[in-house]
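*Asks:* Protein chains in written order, with the numbering used here: chain A, 3 to 341; chain X, 3 to 341.
Only true hints are included.
It does not matter which identical chain is meant; a pair holds if it fits inside one copy or across any two.
In silico DMTMM-like pairs for lysine to aspartate or glutamate, Cα to Cα no more than 20 Å straight-line:
(1) LYS177 x ASP99
(2) LYS177 x GLU141
(3) LYS177 x ASP101
(4) LYS196 x ASP52
(5) LYS196 x GLU95
(6) LYS298 x ASP224
(7) LYS177 x GLU95
(8) LYS298 x ASP268
The set of hints was computed from the structure by calculation and includes no laboratory data.
Since the model is a prediction, treat every value here as computed from it, not as a measurement.
2 protein chains.
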Amino acid sequence: MHIVITGGAGFLGARLARTLLARTAFSLAGAAPAPITRITLVDRAPAPADLATDARIAQVVGDLNELLANAPQRVLPEDASAVFHLAAAVSGECEADFDLGMRSNFAATHGLLEVCRQSGRAPVLVFSSSLAVFGSSPELPLPEVIQDQTLPTPLSSYGIQKVIGEQLVADYTRKGFIHGRSVRLMTVSVRPGKPNGAASGFFSGMFREPLAGLRAACPVPDATPVAIASPARTIEGLIRAAEASDAEWGLRIAVNLPSLSTTVGDMAAALGRVAGPAAVALLDRTPDPAIARIVKTWPGRFEWTRARALGLAADESVDAIIRDYVRENPDAVRAPAAA
Amino acid sequence: MHIVITGGAGFLGARLARTLLARTAFSLAGAAPAPITRITLVDRAPAPADLATDARIAQVVGDLNELLANAPQRVLPEDASAVFHLAAAVSGECEADFDLGMRSNFAATHGLLEVCRQSGRAPVLVFSSSLAVFGSSPELPLPEVIQDQTLPTPLSSYGIQKVIGEQLVADYTRKGFIHGRSVRLMTVSVRPGKPNGAASGFFSGMFREPLAGLRAACPVPDATPVAIASPARTIEGLIRAAEASDAEWGLRIAVNLPSLSTTVGDMAAALGRVAGPAAVALLDRTPDPAIARIVKTWPGRFEWTRARALGLAADESVDAIIRDYVRENPDAVRAPAAA
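All chains, full assembly: derive it from the sequences and hints.
*Replies:* In structure tokens:
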């Protein structure tokens with residue numbers, strides 16, 4: 003089996019690739035299990051060294067829009083039967099640079115769907131949507147708990163572009179051009195590595211940097227609600243979407259992945275319990291209105307009825323999420339904090 | 003004031019132009035009333051003679067996508083301050099020809115929004131969306147009554163493309179690129195003239211053809227619910243959307259225009275009351291599964307809270323809708339039926 007991951011050199015893409023490579027066999031859309039013989043990582047950046055040196059990994063390094071226009075068979079090789087579409091410009095970038103978001107999220111997603119359609123092979127396509135499709139405002143407040151069927155009312159260009167992707171995936175699926183599954187990723191924490199341009203970036207940075215002994219921005223009030231999921235739970239959701247048969251998957255509307263409802267204050271407290279008060283003292287609580295403006299519109303409580311029916315679960319606690327990060331990233335954690 | 007109407011030579015576009023030309027002054031988005039000095043009709047077809055000979059009418063005849071790409075200033079002249087975007091491929095066409103729909107509805111709407119944005123003048127843009135954004139299925143039944151805030155779950159490519167248009171209009175408005183208003187048109191009946199490719203076409207044909215002494219297809223069961231609006235009520239909705247100030251318009255999500263909830267059987271009965279049993283006898287009740295498959299997913303009952311707050315109302319009765327058509331189209335009605 004040959005699987006494509008767009009954004010495959012990014013944090014989630016690389017982790018997804020590693021998780022898939024560790025599987026002895028993979029059951030795609032309910033079909034009989036088969037070994038994964040190849041994973042193609044499509045990304046602007048080269049893959050991490052461990053993946054780059056794996057014989058089953060192929061890399062296609064380049065701009066996704068250009069590749070789709072000029073070398074579509076490199077993005078979707080002839081024997082590829084599944085695509086995880088993770089490539090995207092992130093929320094903060096899209097808000098600052100409208101054209102970037104429309105190109106990277108709107109046009110690229112449409113272009114990828116067209117390449118899948120033109121292949122005539124109806125590949126499985128897992129589309130990574132986002133909780134950012136939900137935006138709450140005083141004029142149109144969201145319900146207290148978001149369901150799979152709550153009306154998306156995005157308040158960011160990123161959220162709009164993700165809703166449009168969901169709609170396209172639904173119609174390409176209905177028409178039989180792909181076997182599409184849209185999953186709405188929650189706020190992923192703790193992302194390792196460097197900060198990215200996502201408005202939600204501090205939800206990882208507020209753990210990652212203090213654990214490394216560095217100061218970190220935590221620019222919104224303690225009471226700010228947030229629905230988070232660890233990288234492990236997020237990858238589980240993406241993989242389960244690809245494995246589910248059409249009947250198991252059911253409706254073509256997007257599935258909210260499981261999340262743990264917490265607040266920024268509770269997250270800081272968990273950091274203190276795991277890493278001590280010195281870690282909490284590294285949090286810089288200077289408000290950032292640009293970040294707050296986006297983040298405050300995102301809901302903090304979700305129901306994930308369909309995800310639960312697929313066997314998916316949320317993380318147990320924020321403490322567990324932090325401990326997972328410490329265990330998985332020993333080199334990024336200073337010894338005292340990891341103790 | 004200079005106003006652009008895409009699809010301006012079509013039935014609704016031409017009627018909108020006539021209605022606007024009859025106004026001595028027009029108040030755009032709550033601004034002070036001003037006379038309409040020019041209306042540009044953009045359409046693949048030439049305008050009807052009465053409009054073509056009006057000195058205030060300018061015609062741009064051509065393919066909208068090509069015009070947007072090659073001569074955007076012809077679609078949005080420098081002094082144009084409002085656009086009614088009515089041009090679209092219709093539901094039946096989009097279902098039969100996926101590329102046509104994606105080009106005419108998805109790409110053209112995005113292209114028009116880009117031209118509006120690039121103008122830097124933030125024109126008022128009224129986007130004609132459709133009740134077809136709502137699709138009911140056994141797996142995901144719609145609520146009995148559709149509200150403005152009901153989740154769209156389109157079951158046709160046309161409906162998907164309209165939802166995407168609504169989302170783009172919302173974001174271009176939020177970003178200040180346009181003053182956008184999306185209105186969801188109900189099933190317009192009675193459309194004069196020739197049948198078009200819309201799956202809903204028979205909702206007009208079942209009145210229009212018998213009134214002209216011709217047989218007409220009425221290919222779905224009597225109990226089929228439908229939410230209809232006369233051409234006059236539909237044009238009122240489009241115009242009110244352009245007139246409303248940003249504050250009056252409020253939310254950026256689409257507005258359901260008012261509709262009269264009826265059924266195919268009640269429509270046939272109304273035809274009998276207005277035009278006699280001979281007219282009803284001209285209805286051909288042979289089922290058409292392709293039409294039924296689309297139409298049966300559309301809801302028949304709407305609430306139009308926001309439209310009502312804007313002063314809009316539904317038609318009084320099906321009988322009144324038919325009588326309006328007879329009065330407005332004397333040449334298309336045979337004398338006995340018009341009696």
